[in-house]
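K.L.:
Sequence:
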Amino acid sequence: MKHFTCRTCISQRAGISYSCAIFLHNRLRPSMKPLQRIVFLVTLLWLVVTGIACNQQQASGNVEESPPENFSAVSLTPVQVVTPKRGAIASNFETTSRVEAENRVEVLSKGTGQCLEIKADVGDTVEAGQTLALLERDELEAQVRQARITVQQQKTAYEIAERSFVEGIAASVDRDNTRFAYEQARVALEMAELQLGNQTICAPISGVITRRAIQPGMVISPGLPVFSIVDPESFVLPINVPEKELARLRVKQMAHARIDAFPDRVFAARVRRIFPSIDPMSGTVRVLLDFEESERSLLRESAFARVRLVMDMRENALLLPREAILEEEGRKYVFTVETETKHAARDVLDEGNEPIHSAQRRDIKTGIEQSDAVEILEGLTEESLVVVMGQYSLKPGAPVKITNLEEELASRASMTLEEALEAAGRRETVIRGDRSSHSLEAIPF
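Counting in my numbering, the sequence shown runs from 1 upward without gaps.
Mixed in with the good hints, there may be bad ones.
Under the rule of at most 27 Å between Cα atoms (straight-line distance), these lysine-lysine pairs were calculated in the BS3-like manner [stated by the list, open to error]:
{"#": "1", "residue 1": "365", "residue 2": "110"}
{"#": "2", "residue 1": "85", "residue 2": "401"}
{"#": "3", "residue 1": "244", "residue 2": "85"}
{"#": "4", "residue 1": "395", "residue 2": "332"}
{"#": "5", "residue 1": "244", "residue 2": "332"}
Hints were generated in silico from the structure; no laboratory data involved.
Let the hints inform the model, and build the full structure from the sequences given.
P.N.:
Here is the structure:
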């Protein structure tokens, strides 16, 4: 660091030393003898002359002449800058939900009796009509055989009565009675066969078994839930959207979902259905999201999902990191770095006679905002140098130094104690001409 010492200061020091000597001589003169007084004055004179000589040597060896004009020193504020970039940005509505299956069936037992055999288990993929379990059926099979014999008997009796009626031997009443008996026997056979069929539990839909509630040997009664089946092709993601967003909802609107079971994967989805009514309790609209067909096989019912519904999308937008934007009284602004030219700002130069950067406040108008980026509508261009670190301590017009603050802090953190003490003693100043001032001032960096 360069020190500036005025020569007038040296003369002032000599004058002060001489005045002190005369003062001491006048105070001590009454108690001194003539010879002592002479020795005292010679000694003081020698000390004053020696001090002046040392000050002159120090001034000639280590001190520069002050600048011809009056100056003041200002500090450079280190800042880190970025330039706005073009890219895509979206306005999203974020919520959470759980995967649901639109086709989900609780299989209930229609038969009764002991469970003889389990044909399918949890996790198995089954087709509609596939056998899941068998109940005891011996008694019902016997009833079916008996009903078939009865049907055959009544059929024969009806045929005889029909021929007798045609030949005029039997009356029409006898023919009608045998026909009714025959119909009843057929209905009884159908009932017996239906009951026998209920002893076989079958899958009503195609899908995956998610629950089994029976065991072999268990006695089953009609209406008992025995299996649960879901259709993976019917997996949807229901979400509730506030009614104020209803105007921005549309079918086939894009959405993205993160499933906790697959933290590194993003599932694409689209709006399939928007319910027409609004829930009066929550003030929301129910929306169903459809997954891509290729990804449905990975999903599981009731899986927790974090959903991001794309409400608006802008391509080729001017984007800026959110941390660069400041706000005051509802107005958003940033600090940009402007470069002074060597000819236009000769009064603001650094030690290398290079131009100084200054910070300027720029009011901006923003559009879509995300957690890490903001769309800039007005106030900046792609060439703007926007302060992204160090902006909170800036004032308009303040001189700044563009640097990488993270690297600088990291390098300072790795200093030894001796290096840190040496760095603490350094000062970086900029000489600013001030023709209206008569003082020198050094503001440390």
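K.L.:
Give a verdict on every hint.
P.N.:
Hint check:
1. Between residue 365 and residue 110, the direct Cα distance comes to roughly 68 Å. Violation of the 27 Å bound is thereby established for this hinted pair.
2. In summary, the hint linking residue 85 to residue 401 is supported, as the alpha carbons are separated by about 22 Å, within the 27 Å threshold.
3. With a CA separation close to 32 Å, the supplied pair residue 244 and residue 85 exceeds the 27 Å bound.
4. Under the criterion of a C-alpha separation no larger than 27 Å, the hint pairing residue 395 with residue 332 is consistent with the structure, at around 15 Å.
5. Only pairs whose Cα atoms come within 27 Å are accepted, and residue 244 paired with residue 332 is accepted, the gap being roughly 25 Å.
Of the hints listed earlier, those the structure fails to meet are numbers 1, 3, in rising order.
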